[in-house]
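Residue numbers (this note's numbering), protein chains in the order written: chain P, 1 to 189; chain U, 1 to 219.
Hints are computed from structural coordinates only; laboratory data are not their basis.
Watch out, some of these pointers could steer you wrong.
Anything over 10 Å on all C-beta distances counts as not near chain P; from chain U, calculated [to be verified]:
| id | residue |
| --- | --- |
| 1 | His11 |
| 2 | Ile16 |
| 3 | Arg31 |
| 4 | Glu33 |
| 5 | Glu125 |
| 6 | Asp134 |
| 7 | Ile156 |
| 8 | Asp184 |
| 9 | Glu193 |
| 10 | Asp197 |
| 11 | Leu199 |
Have a look at the derived ranges for each label pair, beta carbon to beta carbon [to be verified]:
| id | chain 1 | residue 1 | chain 2 | residue 2 | range |
| --- | --- | --- | --- | --- | --- |
| 12 | P | Asp70 | U | Arg202 | 39 to 49 Å |
| 13 | P | Leu21 | U | Thr129 | 18 to 28 Å |
| 14 | U | Asp140 | P | Asp122 | 37 to 47 Å |
| 15 | U | Ser186 | P | Gly23 | 39 to 49 Å |
| 16 | U | Ala15 | P | Arg22 | 46 to 56 Å |
| 17 | U | Asp184 | P | Arg22 | 14 to 24 Å |
Non-contacting residues of chain U with respect to chain P, defined by C-beta distances greater than 10 Å in every case (computed) [stated by the list, open to error]:
| id | residue |
| --- | --- |
| 18 | Glu22 |
| 19 | Pro164 |
| 20 | Arg188 |
| 21 | Arg209 |
Bear in mind that the values here come from a model prediction, so they are computed numbers and not experimental data.
The beta carbon of each residue, even a glycine, is placed where N, CA and C say it ideally should be.
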Amino acid sequence: MGGLAIARESTAPEALVKRVLRGDPAAERALYDANVDRVYRLTYRMVNDPTLAEEYTQETFIRVFDRLGDFRGEAALSTWIASIAISVVYNGMRKVKRFRERERDLDTAEPMAAPAREAEPDLKARMAMAIDDLPKGYRTVFVMHDVEGFTHEEIGFALGIREGTSKAQLSRARAKLRAALAVHEGEWA
Amino acid sequence: MTRHNDTPESHLPEAIRALVQEYHRPPATPRNEIWTQIETARWVRAAGADIEQDVTPLHHPLRRNRRLVLRAVGIAATLIVGIGLGRLSITPGSEQIPRLSIPMASDRPNTAFAVSAAQHLSRTETLLTRLRIDRTGEEDFSDEARELLVSTRLMIDARVGSDPKLRSLLLDLEFILVQIVQLDESRRQEELELITDGLEQRHVLPRIRTAIPAGPIAT
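Next comes chain U alone, as it looks inside the complex:
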């Protein structure tokens, strides 16, 4: 390697120069893992760019943010695979779009999307149920809500999931999740009551339960 205009007296002793190569010696580059993360992150950013515009930035400690991002990337990757397989299953000229009532035991390729959707709805239902019965007022729902918001947006944007009932449910969920993410801590109890009122009025939880097929959901 070129060493322009280095004076000999400024060089390190030979033994030290050899040792310098051991300084924080990196392992082999995990290039495929990093590439997958890059592709997924770019996809998620493109799909969820508008989320950053209408959701107040949160000030999470670094490690919580990282965990959130990694989980969101994982969910997004699952959805990408599911949505991708679902798209492959639509034959040219077909106008049939998969319905919300998802055939879990089906052999159809769009089952991947169905499984992703069912898992997503199930997780959302769990979050909303916890939120509805939260009496301590101390549980922090924002990380999980933000993560689910990204997945919800992905599903709304996926044409394969454009069943009108599912779309309507997802739009309601999107609205509720945005409210949870934006919870003002100084008015927390008041805002939580507004959210739970909205849940009741829009019959959100019963609609989610109707949408999720009976039986165990594949993981």
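The shape of chain P in the complex, shown without the other chains:
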């Protein structure tokens, strides 16, 4: 029993943090294993690109290990890690956006064919487009809460906003989605 108790204690977040800060490589891996799925899922949902999701997850944990000494326990460790992941994703998305804008500028020099008329998207595709088109803050709150199951408290900490703001943004995001999907109302009514 004693051994079991020690094992449990040593993998608790606070104990893991202490062990990582002491330079225990097994603790680093344990901390990573305990949190990587949540980080990868969140980054993937935000960028919809496996390569970028891997890159952002990697960068998140590099920062986590670099800054772990700054973790003061003001939120759960997993929430603190999520806040770093969101910061990494936002920074990365800014770079990707700048890069794509440069590419688009180059493309405008090329003669463009008339865009083919796409088939009417189904409900799932339209929903994905509607979520993609949400303002960044709304989309982040929506993805974190309705898709990945974060609480408003966790979202508030991760994004540096009040819980009430998180709730308001979620409500507006849902309203926008309902409006965007109104054309499909017959399919879910």
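Fit chain U to the given chain P structure using the hints.
Same frame as chain P, but now just chain U:
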């Protein structure tokens, strides 16, 4: 999952809520692959931290940067394995350090380091030869030079590769690679001439060729 203070009217219809889970649905987490990248990147950053301080940041498009990082990580991983095996081969109390003239067909564990070193020198030789004969003045050497610079620093820092001749060669290569990375485009031709003059004066290419064992290099 908790839904604090959500009013029913703000909820999405049930059918939509179920569909929401399909939004950019992630595949299984490639956790071992990501962990390997993290370990390698941290190792490379620690070993090459000073590079960022003395090399002017370059403004590469995102995809070129990513390709460069991935290639550097791959090379670093090879070197880590090579250096690690080399270290394992040094028995306690042994003062014998592997020599630059690398026994390619040896069964010794430090062959891994030797192969890494030979590959690295061979790639560096190719780059410097291309640079020396470049007549167009348009080829961009900076990405490759930066990547080789990281590997060079790793090898310099690896005690197992501390053969004085190899170390001296690597330090010269480091200096040349830094110059290539820092090439000022507005004075490109002038700076390239300075670099090639340095190559000649320091007999860098012949020293690299001497250092690389004859015969094919394992890849």
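> Regarding the assertion that U/Ile16 does not contact chain P, is the least Cβ-Cβ distance greater than 10 Å?
Replying inline: violated (6 Å)
> Does the claim that U/His11 lies off the interface hold, with its Cβ farther than 10 Å from every Cβ of chain P?
Replying inline: At roughly 7 Å from the nearest Cβ of chain P, U/His11 sits no farther out than 10 Å, so the non-interface label is violated.
> At the C-beta level, are U/Asp140 and P/Asp122 separated by a distance inside 37 to 47 Å?
Replying inline: holds (45 Å)
> Is the Cβ of U/Pro164 farther than 10 Å from every Cβ of chain P?
Replying inline: holds (33 Å)
> Is 46 to 56 Å a correct range for the gap between the Cβ atoms of U/Ala15 and P/Arg22?
Replying inline: holds (51 Å)
> Closest CB-CB distance from U/Arg209 to chain P, is it above 10 Å?
Replying inline: Holds, since 38 Å exceeds 10 Å.
> Taking the CB of U/Asp184 and the CB of P/Arg22, does the distance hold inside 14 to 24 Å?
Replying inline: violated (46 Å)
> Since U/Asp184 was said not to touch the interface, does its Cβ keep a gap of more than 10 Å from each Cβ of chain P?
Replying inline: holds (23 Å)
> Is the Cβ of U/Glu125 farther than 10 Å from every Cβ of chain P?
Replying inline: holds (32 Å)
> Honestly, do P/Leu21 and U/Thr129 meet the 18 to 28 Å range at C-beta?
Replying inline: violated (48 Å)
> Falls inside 39 to 49 Å, the C-beta gap from P/Asp70 to U/Arg202?
Replying inline: holds (46 Å)
> Is the Cβ of U/Asp134 more than 10 Å away from each Cβ in chain P?
Replying inline: Answer for U/Asp134: holds, closest chain P Cβ roughly 26 Å.
The structure fails to meet hints 1, 2, 3, 4, 13, 17 and 18 from the earlier list, while all remaining hints are met.
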